[in-house]
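Please build the complex by placing chains Y, H, X, P and G on the supplied structure of chain C, with the hints as guidance.
The lines below spell out each chain.
There are 6 protein chains.
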Amino acid sequence: MKFADMNWMQIEAYLADDDRLMLVIGATEQHAYLSVLTDVLIPEALAAAASEQTGVLVGPPLPFGSSPYFLAYPGTISLRMGTLLAVLEDMLHSAFRQGFRKFLVLNGHGGNRGAKAVLDELANQFPEMQSYWYDWWVSPVVGEIAARHDLTPSHANWLEAFPFTRVTDLPEGEKSLPDRIPSGEASLVRQHFGDGSFGGHYQAPDEVMDEIFSACFQEVVDLLEKLGA
Amino acid sequence: MKFADMNWMQIEAYLADDDRLMLVIGATEQHAYLSVLTDVLIPEALAAAASEQTGVLVGPPLPFGSSPYFLAYPGTISLRMGTLLAVLEDMLHSAFRQGFRKFLVLNGHGGNRGAKAVLDELANQFPEMQSYWYDWWVSPVVGEIAARHDLTPSHANWLEAFPFTRVTDLPEGEKSLPDRIPSGEASLVRQHFGDGSFGGHYQAPDEVMDEIFSACFQEVVDLLEKLGA
Amino acid sequence: MKFADMNWMQIEAYLADDDRLMLVIGATEQHAYLSVLTDVLIPEALAAAASEQTGVLVGPPLPFGSSPYFLAYPGTISLRMGTLLAVLEDMLHSAFRQGFRKFLVLNGHGGNRGAKAVLDELANQFPEMQSYWYDWWVSPVVGEIAARHDLTPSHANWLEAFPFTRVTDLPEGEKSLPDRIPSGEASLVRQHFGDGSFGGHYQAPDEVMDEIFSACFQEVVDLLEKLGA
Amino acid sequence: MKFADMNWMQIEAYLADDDRLMLVIGATEQHAYLSVLTDVLIPEALAAAASEQTGVLVGPPLPFGSSPYFLAYPGTISLRMGTLLAVLEDMLHSAFRQGFRKFLVLNGHGGNRGAKAVLDELANQFPEMQSYWYDWWVSPVVGEIAARHDLTPSHANWLEAFPFTRVTDLPEGEKSLPDRIPSGEASLVRQHFGDGSFGGHYQAPDEVMDEIFSACFQEVVDLLEKLGA
Amino acid sequence: MKFADMNWMQIEAYLADDDRLMLVIGATEQHAYLSVLTDVLIPEALAAAASEQTGVLVGPPLPFGSSPYFLAYPGTISLRMGTLLAVLEDMLHSAFRQGFRKFLVLNGHGGNRGAKAVLDELANQFPEMQSYWYDWWVSPVVGEIAARHDLTPSHANWLEAFPFTRVTDLPEGEKSLPDRIPSGEASLVRQHFGDGSFGGHYQAPDEVMDEIFSACFQEVVDLLEKLGA
Amino acid sequence: MKFADMNWMQIEAYLADDDRLMLVIGATEQHAYLSVLTDVLIPEALAAAASEQTGVLVGPPLPFGSSPYFLAYPGTISLRMGTLLAVLEDMLHSAFRQGFRKFLVLNGHGGNRGAKAVLDELANQFPEMQSYWYDWWVSPVVGEIAARHDLTPSHANWLEAFPFTRVTDLPEGEKSLPDRIPSGEASLVRQHFGDGSFGGHYQAPDEVMDEIFSACFQEVVDLLEKLGA
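Chains as they are written, first to last, in my numbering: chain C, 13 to 241; chain Y, 13 to 241; chain H, 13 to 241; chain X, 13 to 241; chain P, 13 to 241; chain G, 13 to 241.
Be aware that one or more of the hints could be misleading.
The list makes no distinction among identical chains, and a pair is therefore deemed to hold if it is satisfied within one copy or across any two copies.
As the list claims (entries may be wrong) - Derived BS3-like pairs: lysine-lysine, alpha-carbon spacing no greater than 30 Å straight-line: (1) K238 to K187; (2) K14 to K187; (3) K14 to K238.
Since the hints were made in silico from the structure, they are not lab data.
Next up, chain C with everything else stripped away, as it sits in the complex (with noise of 0.2 Å):
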């Protein structure tokens, strides 16, 4: 079940039974020829899927992450990350002060890890509360399915190319993967990056698809059970 279709009465009486909830964070950005919503689109989905399995609650996702690089990219909505930290600071101690206790954070893009700070700052101030960060896409099967696979996984090349964040076609082929670059202003890195994607297949079958979701969906469940426990 997510917030959307639930009203406070319904989120009270899971309470009674439950003090875990998802909380859903990505980003607004250029994802080459996917959606601008990849990043949030996709932990969206596996919190969906363990919903269904677990019962555990999901809260609204929060659309946007800390992006500043890819500003020169129309579509990408980029938090400060000082403003990231205080938002995920709220959205935790929100939910705390109901009687959620155990918070699973779904994170979908790179960017953002620095705000899993606020996670340990924020149980030294409520000792009750716990949680994970989960970051799908740097998870250890991950890498092996990908390897298996013979594929690079990065930044919206086939890694990000689920059915659901999908808008057009892709490319066929392959992107060479360019070098590392210095930060700087975010047009040098549209120059350097083209289309957005950081090199690689455009695309995967969707049995490798499958594959990784299965995985990735195994992990989150596996989290909320620790949580559980």
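Showing chains Y, H, X, P and G alone in chain C's frame:
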């Protein structure tokens, strides 16, 4: 069109012709028997309808607002007002960086109105930025329609009971209008408002709801036209 | 009594009997032909009168508010909304530390209304804190008096032209009501509003002004009584 | 002239000839037997006198400063230092927007001196901005006058006992000078300082007070001249 | 050369030829048997060696980072993530003001990586600014060396036991690798990790440590060359 | 002992007996011919000497302070005052979490003195916290020694020319004392102060420097004793 269905190239193509953007902000807070996302769902629906008619893009809705007084009701996730100001500033600043110049902020929640200051503060930094802030429920046309049907518009009563905000059956009757109480700890607020409605009828006939939606839709379209002129 | 005429021992003596405090906030901003301090002078006058009648103390008025849209008019000193929130929070927190528990915020300026969120946010931290926020000019009684005299109340017109806010002679006639314009750079605002009045009559007969002052004064006294009950 | 007695047109007329502005900041805090507004009243009086002589405008005084150590004394309203910095920044920034370029900050409170950093930080953003910060009580001339009369200047003793800061009769005698204590919770500070004076004579003859006022007044006038050169 | 050994004239002379600067950031936090400054000492040593070879200047190291999870271990001094962002922003902004344009941030602490966002945010303000962020311990070469010697690199184990980070004798044996635990109050973290090492061998032979240092040193030199090109 | 030479177990052992901590804060800014770290090196040397005598621990020095006025001199790295407040707050808060209760802040830089407010603000939150702030150069004993030797103490002149702050030869003569100038853009400041010294002799005989160091050292020891009583 909304961001979720587009990639950056499509948004860039849009910007070649148009520099308007609709931004939806709302709240995740108790709405009595209605969805806790009610304050997002209504402006989102207005934005979707207006986008279909005018072609103006809709950014990803911010689902959180300032609702400190409702924090004793489960499912209320409130940003400190200072956080909300920062988020709105970052949203506008990011989009401005890419060529958006005219913004229509569709707000669904009374507690957010202080954030309108951001529109003026940013315009002083970026003189090409212009924007309207639209609070559908305080529009005179809504008041007229309500008066014509002998209905009192208020928080979480019939006024917000659209088909798409209902998550359960609604009570049939009418709730007496509670007194004004001082600002106080959220538990006092909950004690005072009980189920969370601010009183009046819980539902209105579909025709009334359609009339209100149509009137507000028309106002949104009109504001978009003014921005485009 | 107001703080300026008291030392701390006298304030301590007051606190032995009463825990109410009036706080005045306003703005320093263009008010057409009227004093740039108009938005402070009016609530300050109401507070002084109510203090005389009830004995409730009045803290030092904060003369600055959020007026970014008027910054092209000389004499406008505007706080960022985030600054205003911080100041109000510190004012309430300080007084609470010493035993004040019930606050009446007398606000003179529309742009400040977003700061009301502070009252609710602080009450969640300090459950003994209770407060009312009073905007004299949007009170229904003011609307009724204006309607009875066929006058349209608006910024810097007759509505605010009390003897103690006048610093020069006022125009005799009436100004046509300007259209609504989008939020934009302050120079556009000045260009649109010219002398700064939002239209209507520049002055009203003394009896009207007295009637309004008396009605608002009575509301202030009533709110103080509610807080003291 | 002070802002309260002017409308924006009059301030604009002033700016045609002069770009100087006096800003008064002080504190609302215990001053033993003297008004809790003492630290505002003194620089305000100096500003009024200097304005009369030079014609330089005086902005609305900020009545609050940084006084965390006195919060156990009723009537002390203290801003966090970070809030004070923000307010002063906004005051200067606003006035600069309208053409003021040279500022004299007349400060009445020792705890505020850290806010002087704002003058330098803003000047780096706005190279045309220049300003002096004036703390009347640490001026060498004040020290000389005090020494000549065998008086020790200190917080809330004779030094600040001007006719316009007195709200009750003052003790006749002399208080022994308390030891320095570490920074600690405000209750410890109150326990240590008792009535709040930092020791020495409670009053001085009128001639001494006049001498001090005149000397400081002259310094203010001199600084205004330097700014106007 | 490092700042401590130079005056401003010498730094100005350097800037005539070179606009690169190394900035060292680290942490003051428990490192089991090693110095609580370990995360500063290692990047500082790398910077000193690279400076000797290349002549690129090294700014004063920031000894504090984001370590909220270790606050139950004495000697841990942690900045809130928001504070760390502000400090890094001020460091870069200040140096940029004087002509430094290319920065290499040598970071010694995993908890700081979220601050990398500052590099991108500032570059959008100052397009001439370019920078690399270097985390020595996650470099692939370090992983390869560790793997070749059958060692698991982790917090406060052999990986960080350089001669210059040792302050006492180290245990001989090996610690089993603790499980992953949720983010929680710092006392839980201490309870879980005991002596503070994250497991594995406490020490490695000098040749291994030299090999790692040399490999990282070479990477630092390479990044400086890229910035200088 | 200083933190860099200790691990957390040693610091825990210290806390079993003592709850005092010395914190050194300074600046990285132009000091004419002296090291740009002068304001750190002096309090650090005092702390080291006092630690040797008393056994009280010294935390890692913060090398940055508030120096906006010197930003036109290469090698000046300045924190905004608001940033400095946050860092000092985090330093004290962290150490307090682990049992430190009495703090001696050894400050080397005049521009930092506004940060003393943090000591009082935090003590109101944590009533067991007590602290002294020590500015060695404004101590009366320093004034007396200077006067006895006919020397004027000032920024970057002989007063700060200790053997350990010298990085080059110093000029022999004397510089005339520059006038006071208004706060203004940093380039104006540099233009006014030239080599950066505020005038007077560039050096003093070793005996004078020793006398000053000994006198300040004694004051530090005395303050530590007061905190330990």
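Status of the hints after comparison with the structure:
no.	hint	verdict
1	K238 to K187	between (40 Å within a copy, 24 Å between copies)
2	K14 to K187	between (38 Å within a copy, 28 Å between copies)
3	K14 to K238	within (21 Å within a copy, 37 Å between copies)
Against the hints set out earlier in the document, no violation occurs for any number.
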